[in-house]
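Q: Residues per chain are reported as follows:
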Amino acid sequence: DVVLTQTPSTLSATIGQSVSISCRSSQSLLDSAGNTYLYWYLQRPGQSPQLLIYLVSNLGSGVPNRFSGSGSGTDFTLKISGVEAEDLGVYYCMQATHAPWTFGGGTKLELK
Amino acid sequence: EVQLVESGGGLVQPGRSMKLSCAASGFTFNNYDMAWVCQAPKKGLEWVATISYDGSSTYYRDSVKGRFTISRDNAKSTLYLQMDSLRSEDTATYYCARTGITTVEFDYWGQGVMVTVSS
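Those protein sequences? They're chains A and B, same order as listed. Residue numbering for the first sequence follows this note's numbering, starting at 1 and increasing by one per position. Residue numbering for the second sequence follows this note's numbering, starting at 1 and increasing by one per position.
No incorrect hints appear here.
Computed list of lysine-lysine pairs in DSSO-like fashion (alpha-carbon distance at most 30 angstroms, straight line): (1) K43/B - K79/A; (2) K65/B - K76/B; (3) K79/A - K108/A; (4) K108/A - K42/B; (5) K42/B - K79/A; (6) K43/B - K112/A; (7) K43/B - K65/B; (8) K19/B - K76/B; (9) K108/A - K43/B; (10) K42/B - K112/A; (11) K19/B - K65/B; (12) K43/B - K19/B; (13) K79/A - K112/A; (14) K42/B - K65/B.
Honestly, the hints are just simulated from the structure, not real lab data.
Bound-form chain B, shown alone (with noise of 0.2 angstroms):
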């Protein structure tokens, strides 16, 4: 059975850092690209950032570009987020997702993890 678990949300300061994890098991993680996919409260879904499988290609939203770092460790089959710089506006559940191999939907995603951005 495929499972994402995230962790690592919180309640953090503006301008300051915070670590989102996502453990991946019930499938051979370094196959899959991977991705993070996040929701303002009672507000949609929106793309965030995506790894390769291999970790070589990362892709990032504009607003994030140059703040987050998505990365991935194949050997422990987790996903990171590190979030730096952070605003009010980054406030939101954090999804992590899996993405298909060549049809690119986003077929598995964990439970998400709250990150609440204020002073």
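Just chain A, with the same shape it has in the complex (with noise of 0.2 angstroms):
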């Protein structure tokens, strides 16, 4: 199975400051079509996860233009540019080029 690993596991950030959480893949997921399914995800206290970005660096419907995907092959990074406190929450990677589909372990944004 693909292994993706989250660095940080642990993010402390104040109100507006910019962060980046890396996400790194054990085998690349560049797929014979030239695509790469990468996605990022956002779980909330209590909540249900949600989209963030598809395909890298695609945003998700109504999510807000502070988050930026970017990255290709094993190497991929979500970036906040000024976070803000609803942005608290676990940050999960997912790859879906090689099944089975799995999803990196995590990062955790909390408050400074």
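Fit chain to chain and form the complex, with the hints in mind.
A: Shown next as structure tokens:
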């Protein structure tokens, strides 16, 4: 199975600070058709996960543009440009290039 | 508005069965693949199973193959997960999720239903 390693596991930030989360894959997520099935989700405390980013860098519906995704191959990054209070929670990357689909271990974003 | 509402969870003994349902509304259900994702207490997310829009194809993680069955009733806009031979390690919150048509993301999630496997 593809292993997704997220760093850091915990991130402390102040409101307005910009932060980045890394997601490193044990295999390239580029498929033979040139697609990279890498996604980012946020799970706020007590809530279901919600989609933030699909296909590496595309914003999900209704997601604020302070979120951005980048990367290729095996290395991917989620950036939040100016953390807001509603951004607190656990962030997960997920890949769907290789079966079985797998998630990273999560990065908890908390207030400093 | 897209809504996914799970039901059917609870406490079940090891070795017994349980069937989860997910009622969908606010979109054309039979246009979308659907999936189940679970989350053990205080743990991360784990994909469980996916079914194609017409039910013709199903996919499972290895740990549930032969024990869990994903199915759907497009006439009722409902997704199911039949869980047999349950084990303590199946204890988790189970979410149903809609899968994007070409981009494959889980774009909408239900609120989740808790399944506890314990004697």
